[in-house]
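K.L.:
Residue-level listing of the chains:
Protein chains: 2
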Amino acid sequence: MLNKKLAIGIDIGGTNTVFGFVDREGNILVEDRLKTASFQKIEDFVGALFKIMAATGSRIGKGFEIMGYGIGAPMGNIHKGTIEYSASLPWKGIVPLAEVFHRHTELPVIVTNDANASAVGEMIYGGARGMRDFVVITLGTGLGSGFVVDGKLMYGHDGFAGELGHTPIRPEPSERECGCGKKGCLETYVSATGLTKTFIKILADSRQPSEFKKLSIDEINAEMIFRAAKKGDKLAIKAFHITGKILGYKLADVVSHTSPEAIFLLGGLALAEELIFKPAKESMEEYLLSIYKGKVKLLPSKLNSKNAAVLGASSLVWSDLKS
Amino acid sequence: MLNKKLAIGIDIGGTNTVFGFVDREGNILVEDRLKTASFQKIEDFVGALFKIMAATGSRIGKGFEIMGYGIGAPMGNIHKGTIEYSASLPWKGIVPLAEVFHRHTELPVIVTNDANASAVGEMIYGGARGMRDFVVITLGTGLGSGFVVDGKLMYGHDGFAGELGHTPIRPEPSERECGCGKKGCLETYVSATGLTKTFIKILADSRQPSEFKKLSIDEINAEMIFRAAKKGDKLAIKAFHITGKILGYKLADVVSHTSPEAIFLLGGLALAEELIFKPAKESMEEYLLSIYKGKVKLLPSKLNSKNAAVLGASSLVWSDLKS
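Residue numbers (the working numbering), protein chains in the order written: chain A, 35 to 357; chain B, 35 to 357.
Excised from the complex, chain A in its bound form (with noise of 0.2 Å):
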């Protein structure tokens, strides 16, 4: 019999590194995480990494043969298989993942950001499959993105295509600090933490009772102004909208770049279905180019938000070997 070819995928986030082995189908047969933030050095990360993975993999049993490692990590470079700069991990300034992984493997190393792996994997097993080109939105702590531009994904000549959530989203100064050191991104606005934001601002502007200003203004979290917002309240519904606008407005934006067949939402905030996908869509229909009005689809994800991370990493390996 012919064994199971299976490529493991690795979601490193600045809390978790979770990681999987899946098959060509998109099907997790096990999976595991250990802690990020434990490891000091990178060296010690992807050793403990290689351990656990091990483990991991005996529980499947034999008659699988690993194709290779995908690896979704914030700020991942595919050209250079490091990761630069990230804010949110352990290991600062340029970080030779791939280089580190080979001490321990020969087989291929795959490192792009998360968002950019998200993108494959709605390709290889989402709702893009037959798609050439569409764009996917994370929408989770931050906002991330990746183009896939004529059935390839956009690297650009850096590798670092696709970093939409630190686009400006006004000329004009704006007050709200991102982590990148600027103001006024579109992830200061577009985000679990920007949806938060707005609605803390609207209850300051608002004289409603509401029993969100009995909180601390740190207590306030994304998924308690869903809740809110499902069960009715009318500024949490104002925050989704307030929300939603901006993201169309930017989805225009993209349009006009890249003129997608489609644009996925994938996390958190794609969960919360119409209360941001209706405003996201009339928005973005309002500021399209009349060429593309009514041609671009707004979808969530076909990816399950949980597993879409390992999915998207284990997908690099196969449309890695397909090239």
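Please note that a few of the clues may not be correct.
Any copy will do: because identical chains look the same in the list, a pair fits if it lies in one copy or spans two.
Lysine-lysine pairs mimicking DSSO-like chemistry, simulated, CA-CA at most 27 Å apart [unchecked claim]: (1) K327 - K126; (2) K216 - K329; (3) K69 - K126; (4) K329 - K114; (5) K264 - K315; (6) K114 - K331.
Calculated directly from the structure, the hints in this document are not laboratory data.
Guided by the hints, dock chain B onto chain A, whose structure is given.
P.N.:
Using the frame of chain A, we list chain B on its own:
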């Protein structure tokens, strides 16, 4: 002796259509033009064009072989060989340009918009030789853009990628009306007409005496403002400064989408050199995310702006033969 291989590059503009017989090295052997606006029917236009092209070709004598027709036209769609809903041409709706051409020829006919054609021209004959990822911005009456991603022109799903001229530069309503029916589009600020509008508003605000205040608003044009700025006219310099700043702000956005190696400026405004490049560069760097800062070249096109469109259009033929 082998025949010399030539491509015919055709630039269809609202007033004139210019064409040239171009060799692989970018030399225009002969060229001529006809009045686009004289032809109400596309069939008549193409018929007249083939007549004049035959006459022009006979001036070269024998010993050449035509490889195909490359056409740059507003709203040219490469996927379908059509011109779609152009506001500046006499033919309305969807014009089946390649189809009408094929009544006269069996050779390849490639249609795209003028800025895309210029981007291919820059790659084949100009300053982008050897580059895989770059952007060309054409600054004429309007603002056009063409993106090359991983060595190929980006068309997008609909064939209309790269309509930067019609990205809104402000989320809040701007009063500046665009020919596309929207308000606040980039080209209403960054183009020859945009510069002129900005300059007139500066004149209105200023108490400084100026010869321009004796002219009618319709008389003032970008050429005059350029000459005045060159002579040190402070208000004219200010108009270039504001225009360059807005351009640079938008270019930072472009970089966050596609991470290009270089951005080329082409057309009338680009000839103003430091008057436009200096504020554009400063403003782009100001808004760039740190991973991009200091890395993206902002360069004048190396195509002669007079011939760029014809050269670019002809280069579509070579790029088509290659693929």
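K.L.:
Hint by hint, say whether it matches the structure.
P.N.:
For each hint, the structure was consulted:
1. Proximity of K327 to K126 under the C-alpha cut-off of 27 Å is restricted to the inter-copy arrangement: shortest distance 18 Å between copies versus 44 Å within a copy.
2. Taking CA atoms no more than 27 Å apart as the test, K216 paired with K329 passes between copies only; the shortest distance there is 18 Å, against 34 Å inside one copy.
3. Proximity of K69 to K126 under the C-alpha cut-off of 27 Å is restricted to the intra-copy arrangement: shortest distance 17 Å within a copy versus 62 Å between copies.
4. In this assembly of identical chains, K329 and K114 lie within 27 Å of each other by CA distance solely across copies; the values are 16 Å between and 37 Å within a copy.
5. Within a single copy, K264 and K315 get their C-alpha atoms as close as 19 Å, which meets the 27 Å cut-off; across copies the closest is 46 Å, which misses it.
6. When the C-alpha separation of K114 and K331 is checked against a cutoff of 27 Å, the pair qualifies only between copies, where the shortest distance is 21 Å, while the shortest distance within a copy is 33 Å.
The structure meets every hint from the earlier list without exception.
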